[in-house]
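Asks: Sequence:
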Amino acid sequence: IALVPPVDPEQKKGNTMLLSGLHETSLDEYRRFLIPSRMVRQMELQEAGSVWLAKTPDATSLAMIPSSSFEAWKAEHVCDDSDRRVILGSAVEKRWDKKHRIVVPAHLAQYARLTALSPIVLISMEYYFEVWCEDDYRRL
Numbered sequence: 001i002a003l004v005p006p007v008d009p010e011q012k013k014g015n016t017m018l019l020s021g022l023h024e025t026s027l028d029e030y031r032r033f034l035i036p037s038r039m040v041r042q043m044e045l046q047e048a049g050s051v052w053l054a055k056t057p058d059a060t061s062l063a064m065i066p067s068s069s070f071e072a073w074k075a076e077h078v079c080d081d082s083d084r085r086v087i088l089g090s091a092v093e094k095r096w097d098k099k100h101r102i103v104v105p106a107h108l109a110q111y112a113r114l115t116a117l118s119p120i121v122l123i124s125m126e127y128y129f130e131v132w133c134e135d136d137y138r139r140l
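So the sequence shown is numbered by my numbering: it starts at 1 and just counts up by one.
Worth flagging that the hints you see were computed from the coordinates, not collected in a lab.
Ideal Cβ positions, reconstructed from N, Cα and C, are used throughout, including at glycine.
Treat each hint with caution, since some may be false.
No more than 30 angstroms apart at the CA atoms, straight line, and that leaves these computed lysine-lysine pairs for BS3-like [said to hold, decoys possible]: (1) Lys74 x Lys94; (2) Lys74 x Lys98; (3) Lys99 x Lys74.
Distance ranges between label pairs, derived from CB positions [to be verified]: (4) Gly21 x Asp136: 13 to 21 angstroms; (5) Glu134 x Asp81: 30 to 38 angstroms; (6) Ala116 x Asp81: 28 to 36 angstroms; (7) Asp28 x Asp81: 33 to 41 angstroms; (8) Gly89 x Thr115: 19 to 27 angstroms; (9) Asp136 x Glu29: 19 to 27 angstroms; (10) Gly21 x Asp81: 14 to 22 angstroms.
Based on the sequences and whatever the hints tell you, model everything.
Replies: Right, here's the structure in full:
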């Protein structure tokens, strides 16, 4: 994630708890992935019934942001008109289904090199998660 001008930590996180953990999973044939129960519980405690999926500014990964943290995430990661077009222009709000699965839209899957049945990695970034193609994550 690109470093941008610092954001006040209280503004950044608000009253949300810090998200934690790393989880390896895979996309199914419909480009869905399962959000681990522990991560769902952490997001539900933030009163986030949905998440935003967005491109990350300088990597081929996606950000999965609880809806309750989206404004803070924008303040930290969207610095100029170029970011606004690339990141916000492709961002989508998604609700998880009853089995805690999220569908990755085709344009975001292509950006992050996620394909049906491919392994992925979910990584906590304090108040949001990154979604990585496993191969790209291993090369970090």
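Asks: Now look at each hint and say whether the structure bears it out.
Replies: A quick look at each hint next to the structure:
For the proposed pair Lys74 and Lys94, the alpha carbon gap of about 17 angstroms is at most 30 angstroms, so the pair holds. For the proposed pair Lys74 and Lys98, the alpha carbon gap of about 28 angstroms is at most 30 angstroms, so the pair holds. Between the alpha carbons of Lys99 and Lys74 the distance comes to roughly 28 angstroms, so the proposed pair stays at or under 30 angstroms and holds. A C-beta distance of roughly 19 angstroms is found between Gly21 and Asp136, which places it inside the suggested range of 13 to 21 angstroms.
Between Glu134 and Asp81 the beta carbon distance is about 33 angstroms. The supplied range of 30 to 38 angstroms therefore holds. The hint said 28 to 36 angstroms for the Cβ distance between Ala116 and Asp81, and at roughly 34 angstroms that hint holds. Hint check: Asp28 to Asp81, Cβ distance near 36 angstroms, so the stated range 33 to 41 angstroms holds. For Gly89 paired with Thr115, a C-beta distance near 23 angstroms keeps the hint of 19 to 27 angstroms intact.
In this structure the supplied range 19 to 27 angstroms holds for Asp136 paired with Glu29, their Cβ-Cβ distance being about 21 angstroms. With their beta carbons about 34 angstroms apart, Gly21 and Asp81 fall outside the hinted range of 14 to 22 angstroms.
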